[in-house]
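One letter stands for each residue in the lines below.
Protein chains: 6
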Amino acid sequence: MAHKFVNQIEPGETIDDIYVIRDPILRSTTRGDLYIAMFLSDRSGQLNGRMWQATETIYRTLPKPGFAHIQGRSELYQNNLQVIVNNISLVDSGQVHIEDFLAKTDKDTHQMFEEVRKIVGQIKNSQLKALVGEFLADADLMEKFCNVPGGVKLHHDYIGGLLEHTHSMLRVAVAILPLYKQVQADLVLAGIFLHDIGKTEELAYDMVFSYTDSGQLIGHVAKSLLMIDQKANALRAKGTKIDQTVQDALGHIILSHHGEYEFGSPKLPATAEAFMVYYIDDLDAKISQVTAAIDNEPSDSNWTAWKSALQTRLYRKRLE
Amino acid sequence: MAHKFVNQIEPGETIDDIYVIRDPILRSTTRGDLYIAMFLSDRSGQLNGRMWQATETIYRTLPKPGFAHIQGRSELYQNNLQVIVNNISLVDSGQVHIEDFLAKTDKDTHQMFEEVRKIVGQIKNSQLKALVGEFLADADLMEKFCNVPGGVKLHHDYIGGLLEHTHSMLRVAVAILPLYKQVQADLVLAGIFLHDIGKTEELAYDMVFSYTDSGQLIGHVAKSLLMIDQKANALRAKGTKIDQTVQDALGHIILSHHGEYEFGSPKLPATAEAFMVYYIDDLDAKISQVTAAIDNEPSDSNWTAWKSALQTRLYRKRLE
Amino acid sequence: MAHKFVNQIEPGETIDDIYVIRDPILRSTTRGDLYIAMFLSDRSGQLNGRMWQATETIYRTLPKPGFAHIQGRSELYQNNLQVIVNNISLVDSGQVHIEDFLAKTDKDTHQMFEEVRKIVGQIKNSQLKALVGEFLADADLMEKFCNVPGGVKLHHDYIGGLLEHTHSMLRVAVAILPLYKQVQADLVLAGIFLHDIGKTEELAYDMVFSYTDSGQLIGHVAKSLLMIDQKANALRAKGTKIDQTVQDALGHIILSHHGEYEFGSPKLPATAEAFMVYYIDDLDAKISQVTAAIDNEPSDSNWTAWKSALQTRLYRKRLE
Amino acid sequence: MAHKFVNQIEPGETIDDIYVIRDPILRSTTRGDLYIAMFLSDRSGQLNGRMWQATETIYRTLPKPGFAHIQGRSELYQNNLQVIVNNISLVDSGQVHIEDFLAKTDKDTHQMFEEVRKIVGQIKNSQLKALVGEFLADADLMEKFCNVPGGVKLHHDYIGGLLEHTHSMLRVAVAILPLYKQVQADLVLAGIFLHDIGKTEELAYDMVFSYTDSGQLIGHVAKSLLMIDQKANALRAKGTKIDQTVQDALGHIILSHHGEYEFGSPKLPATAEAFMVYYIDDLDAKISQVTAAIDNEPSDSNWTAWKSALQTRLYRKRLE
Amino acid sequence: MAHKFVNQIEPGETIDDIYVIRDPILRSTTRGDLYIAMFLSDRSGQLNGRMWQATETIYRTLPKPGFAHIQGRSELYQNNLQVIVNNISLVDSGQVHIEDFLAKTDKDTHQMFEEVRKIVGQIKNSQLKALVGEFLADADLMEKFCNVPGGVKLHHDYIGGLLEHTHSMLRVAVAILPLYKQVQADLVLAGIFLHDIGKTEELAYDMVFSYTDSGQLIGHVAKSLLMIDQKANALRAKGTKIDQTVQDALGHIILSHHGEYEFGSPKLPATAEAFMVYYIDDLDAKISQVTAAIDNEPSDSNWTAWKSALQTRLYRKRLE
Amino acid sequence: MAHKFVNQIEPGETIDDIYVIRDPILRSTTRGDLYIAMFLSDRSGQLNGRMWQATETIYRTLPKPGFAHIQGRSELYQNNLQVIVNNISLVDSGQVHIEDFLAKTDKDTHQMFEEVRKIVGQIKNSQLKALVGEFLADADLMEKFCNVPGGVKLHHDYIGGLLEHTHSMLRVAVAILPLYKQVQADLVLAGIFLHDIGKTEELAYDMVFSYTDSGQLIGHVAKSLLMIDQKANALRAKGTKIDQTVQDALGHIILSHHGEYEFGSPKLPATAEAFMVYYIDDLDAKISQVTAAIDNEPSDSNWTAWKSALQTRLYRKRLE
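Chains as they are written, first to last, in the working numbering: chain A, 596 to 915; chain B, 596 to 915; chain C, 596 to 915; chain D, 596 to 915; chain E, 596 to 915; chain F, 596 to 915.
Certain hints may be false.
If chains are identical, the list can't say which one is meant, so a pair holds when it fits in one copy or spans any two.
Said to hold, decoys possible - Subject to a maximum C-alpha distance of 30 Å in a straight line, what follows is the list of computed DSSO-like cross-link-like pairs (lysine-lysine):
hint, residue 1, residue 2
1, 702, 599
2, 599, 699
3, 748, 702
4, 912, 748
5, 659, 836
6, 833, 659
7, 912, 659
8, 702, 902
9, 739, 719
10, 748, 659
11, 599, 713
12, 912, 902
13, 912, 713
14, 836, 739
15, 902, 659
16, 739, 599
17, 599, 776
18, 748, 902
19, 836, 776
20, 776, 912
21, 739, 833
22, 699, 719
23, 713, 776
24, 836, 702
25, 748, 776
26, 912, 739
The set of hints was computed from the structure by calculation and includes no laboratory data. None of these values were measured; they are calculated from a predicted model.
Excised from the complex, chain A in its bound form (with noise of 0.2 Å):
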């Protein structure tokens, strides 16, 4: 049977799905009844769940978050949606469609991720070649490199989303770095490879895509410069010779890649290979935005719906 996803649910139908599980809490009524209130999400989108008559004893059994098979019926409360929760019995994530839950790309990631490490193969600098390989070498990172979404909301927001924009990225730099003979290859392609790699520490995407506690408070920009740090240190432990101002040409390409202070770049760009990441990481992350708008508007309108992070309605219509 079809899952019932929590943006399709009206009022005053009986649920019995599978949801996640997020922050429940136990309280209160003022009349001293207990009672949990939780979230139930999908990849749809998320409501309030309420288990009236509660004990600790069901609490302490909650997955904080978690799959659970949900039993109830939704109702309006002030206006909003909930699921009153009668039943909660919990779920092996073995048993759950995960696609219900977190929306993959639907390229082929094992040929994506192949091409990457063929890409970055061409890097002929010999550091920059040690750095990168040391990456490639970290099986445990390259498996989250290549599932971890882009983003948990405007552009590659899917599982292997970063993989997918990573490889779209590299393909664009070979396909226009011999148009530009004075920029440096290698640093473009090792940039834009290692560009958003933090979002491997930053983006949780087990069950539903949220921030890391750690990504919330140091971001990726700066995880990613420091994971360089630490694959740069490891190198230089084995003997392998990494000079500071390579790891810093490197390191300028991750601070100044989102271009603008108020994009929360730290540094702005000032050589041509950053400029170059910059551009080529906004083109690409703008298409797949504009297109997955234009793709997913549900109405046949020549427009989409106004979409506030880029100030305009998008127009639909092809030439003929």
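Fit chains B, C, D, E and F to the supplied structure of chain A, relying on the hints for placement.
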């Protein structure tokens, strides 16, 4: 004998060379003597010139502007260098080394234009093809297109600069369009070809680079749109159908290609094609600007001087 | 019987009235049943409408958009009011009370237009006179000019709004031009008359107020400039001389009359005439917006609700 | 003999003329010799002056600031022109041509003030009438009002400038108030009359235009509000009723008449009257600023120099 | 019986409790029946109330605003909760639990005020001492000072909030002034004591927190300045000398203590004392706002909800 | 003999003193003669120097940069003062009065450092204590920490400036932390101690103050974060537990302590501790900057010159 550039003149030198005279004015001193104030310029900059004991007859012979052989001497006046002009004789533009006055692209304009023609020749949509063809068939306009600078100051500021910039952008588009299959290639190619075509009317470049009156009042963005409208109307008058929707999709790219209101775009990009032209334009302009600044830095320092347009100094050191 | 405005419908009401149908889409439920989603609107706003058990035949008969007699009932769905449509029958526009759908100026449009004609008749410069005359002689355009709203939302948002706003601005100009003798009156009067003429193409106002596709892509500022160019070219084709300098001085007023880049002006005012048109436009729009908000405030409070476009609440109390 | 303006002095000239001495300081060289540093100024600008072999006795005689007959010679020092002062003798202000030091309106201030008095005489509201009358009855203040400049730099920067600006604004208001019947004329007229009255305390204009200490610390906006409060309290002390609501409606116009926070308005306009005063103020200031810049441009060019306050050059060519 | 807070009312409840009635309006339905629209509020928020079958007699008896016993029932109308009022009876403010309507500081206001009095008692400058004393001696004003909230929404938004905030700021100043010996302590202490004194006139707090008309038109910054001027004038009238320079130095602190134009400061800080008051104000406000948000977060999450005033979520986890 | 500071050199002087040579370049004139261009600098600024008739041999001996005894004379060239260098002889840094080249704090650095050590010694949390201890135990780093300036230009721009600023901030924190009991003192103290520690790598200060290449590319904010990560990893390698949550809470303070994106903070403050460090940093910097500007104003005016970083002039008059 090599031309003495105005930015190389020191106080107390004898001047005996050809310069462009601009904005001559006949004035009288507080004692009632007539004198002529003017600017003397070449590609390196401009200086104030002053001819004492002038007459209205001399003033009437002066070009506004034009080339002239200047004899006199340099001096400091109110802390600014100026040239006291003793003698002026007009010079025919055929006699001057035009490259002393107008910087020029070091690429082959004929070859670049042929490549531009070839790339836009790939456009398949019959209406866009007709529209682009109408521009290509306008020999006077195309000659201007091959010669006009890309700007007065920031980037591609030399004869042939617009062609070089447009040519480079088209090559980038050809390289990356296969990677973004949802983006309509015909619109991107036509949009790039025409994105700054209005600069042919906005900029003057016969003796020095400057804005025309019409260019300052209207700007190249609106002028490009007007030129497209005029060519479309000319085609319609000849019986070729140009749908308003096609013209608008192209016009939108022109009007939004600066990307933000504050950079003079009266519309924000609302199609994937408009975003692509905007990013390719900005990428090509910035890479050109950055590499030129790094190449032309006079010092041996690892950093250029502060670049206020980029809000940073630029790092010049390359990987070894 | 009085029309039931959509912003007065409560849940659970029986609906039996004429509305504008917009953007109907034929969709299928998860069970495979067909239904039609649409918007129902009048001058007070719009609601979602849904017709279950629909067929493709019904769908094909629906106007996109158009007037229709709707029978059904209202209900809450996901916290939003929607109308379940049981029956739809098309209605000829001649049968509807158009004022239920489109607000209209309460001034006499004929009289206002005659005054506009009289005021711009004072223009002495022969070229501007010819240009303005070419617009006045375009009967279709002048009919639109008398009917198009001044905008979709902020001010003069009713049939005849552009005429009312232009008329009021011209009267202000006539009143203050004698006080600023250095300002060229002819340019100011022609500039005001044509400053928003492009709204005749930017806005649609046959059933509800909205933007045309062309209007959203190009905008009324650029459209006004294009229309002036077309009229000037038409005059030239008829042998009437229109200097480029005259056209540019007028065009500059059009392009700069929003006063700042962030409000969509691609040029900043660079003449006294451009500044005067900008301030008269802004003054008339704001006074109209403020007095309308104060008059229409539903409460008896001394203050209106927060007006986000003005970043303040408005004070309604008058001196005694 | 004509005054030698400081912006006309060249290096190496003999100086023998009257200037304003400002900010004299007694200092000692590294060798221990005393000298006096000072500024020498007139309406055209200021220069550094230096008197070597000075004594404390001489220093004590110097005005801070004041008029003085200066004898010496000009020279370059660290690339700046300065005057070596050999002799200083004080000059009574009665002996100087004050117009060499302070620019003055070329309009008739007596006549303008009479018109101002006549226009505000139309105010019907008894409390506003009383308040305005209290200002008119303050002869010392009205004399300052007739003489203070409208500003130090941007517009109406000459003796009588505030009067000229206020007079012009009142005439605009009289011309357009009949067109906006909902706007309360009494508040607009009183608001304009008093909008910058605090400049009488903010600016000093006895020898050169400058800010008073109090003016720089508090500003004319807040000072105008304080002066209205003081006059209202004086009236109340005399038994004339001034309602707080009347005073607040007027005070709000004062506090919001710069229109935006970034221009020093602590409040945004929240009444039609406040918007009208704001726009009339800005219109009159900008038209005055633009026409002055166009008239005073020294070159014959169609364009003025870049005006950073307006972020553009101004176009000087008029229709024929 | 505990008060039923308006933010806890669900649809379909019977209402029988005391609320504040605000802005009652007598209106007629389309059928001509009279009804009364009003707001019902307490410290938790407000709801629409509607009394059908009303009469002008009932309307006249209603307080505008005031406490009333309301009997009726709650329902959803156009997706908003409203209360259908069947019966209204006025209630004397002596009968209500005022804390149900107005939040209050949990600190001891008497003790805080004594500490404030003691700290400003350290001021040595005789004129500032006199000025501060004049405020302290105004018993009505001091009572308001002890009760007015610090604001309507952002921080210290409860009875006694301004006192608590001022008290805390003074304690910070006392702690750090010894570390900055060049900063004039007297000015800082007087500046803090009076920095928001105008809030006593800007805010109303008898039944709910709101702005007075005068407060919205003039604002607490300008009102504080006016109050200082009035007290200074009162002292002068009594023969106590208050130099304009002292008053201006203090006034400057008031006018610049929001630190930036965009936050409503008409002046930027220009003295060390003004900077110190600005930073202590901002520090105390932000720490209070952040710790309150962290304490009041209803969920158990490590992060609060998004705080738009701070443009971030807040991290709640403490070190162990 | 006293050092002749470069900002005191006039045209035509004989030069015979020690300066820092920076960025020497060997160039050839248009006639093919070799010359050396260089900068000559001391703590007061820098000048262009030029040695004619140079040889490659001389060029090779020059330090880049370094101290040198310069003999020559000063002259004006293109309106700029430059020094014609006749003779250069290298000077050992031991022979120079370093205070002629680098300004230094007038406080006792040893005593300040001991107080810093004592204050951070109050930290109770064992992990933060260990982390801070690891920094204190790094003698080389602590020596740099005691000597590096606080910045190149704005505030604390002298040897020992970072220590003085950090020391002052810690004293402020100690004074006010007891007043904010909910704020975690350990995090604030550790955060202040390390907030700018990366400046030890960002700034060079051996001969003149400047940025290192690494400093300009990466910046002190990111560098401070990297140094904390390295020390934490070093501790972990030694078996000391440092939780990621502790490191992140501290790292967040570092990354957000500039308070706004536009000032180079990649994160906005999200904890009370981060807000406190941000405000103490800004308070201490601004008070230092303002009092220094007031103290160093060369004129006797009540106002300093315009300070563009503060967008105001500063008022220098104190209460009597």
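Outcome of the hint check:
1. 702 to 599: For residue 702 and residue 599, only the intra-copy Cα distance (26 Å) is at most 30 Å; the inter-copy one is 51 Å.
2. 599 to 699: within (18 Å within a copy, 46 Å between copies)
3. 748 to 702: For residue 748 and residue 702, only the intra-copy Cα distance (19 Å) is at most 30 Å; the inter-copy one is 43 Å.
4. 912 to 748: So residue 912 and residue 748 pass the 30 Å test inside a copy (25 Å) and across (25 Å) alike.
5. 659 to 836: Answer is between: at 26 Å across copies they meet the 30 Å cutoff, but 45 Å inside does not.
6. 833 to 659: neither (41 Å within a copy, 34 Å between copies)
7. 912 to 659: between (45 Å within a copy, 16 Å between copies)
8. 702 to 902: Within one copy only: 26 Å inside, 37 Å across.
9. 739 to 719: Intra 26 Å, inter 37 Å, cutoff 30 Å: intra-copy only.
10. 748 to 659: within (22 Å within a copy, 33 Å between copies)
11. 599 to 713: Neither: 42 Å inside a copy, 54 Å across copies.
12. 912 to 902: within (17 Å within a copy, 34 Å between copies)
13. 912 to 713: between (37 Å within a copy, 28 Å between copies)
14. 836 to 739: Both. Shortest intra-copy (27 Å) and inter-copy (26 Å) distances satisfy the 30 Å Cα cut-off.
15. 902 to 659: Between copies, since 24 Å is at most 30 Å while 33 Å is not.
16. 739 to 599: Classified as within: same-chain Cα gap 29 Å, cross-chain 51 Å, threshold 30 Å.
17. 599 to 776: neither (54 Å within a copy, 33 Å between copies)
18. 748 to 902: both (12 Å within a copy, 18 Å between copies)
19. 836 to 776: within (27 Å within a copy, 42 Å between copies)
20. 776 to 912: between (38 Å within a copy, 16 Å between copies)
21. 739 to 833: both (25 Å within a copy, 29 Å between copies)
22. 699 to 719: neither (34 Å within a copy, 35 Å between copies)
23. 713 to 776: For residue 713 and residue 776, both the intra-copy (21 Å) and inter-copy (23 Å) Cα distances are at most 30 Å.
24. 836 to 702: The answer is neither: 37 Å in one copy and 41 Å across copies each exceed 30 Å.
25. 748 to 776: between (36 Å within a copy, 23 Å between copies)
26. 912 to 739: Between copies only: 26 Å across chains, 38 Å inside a chain, cut-off 30 Å.
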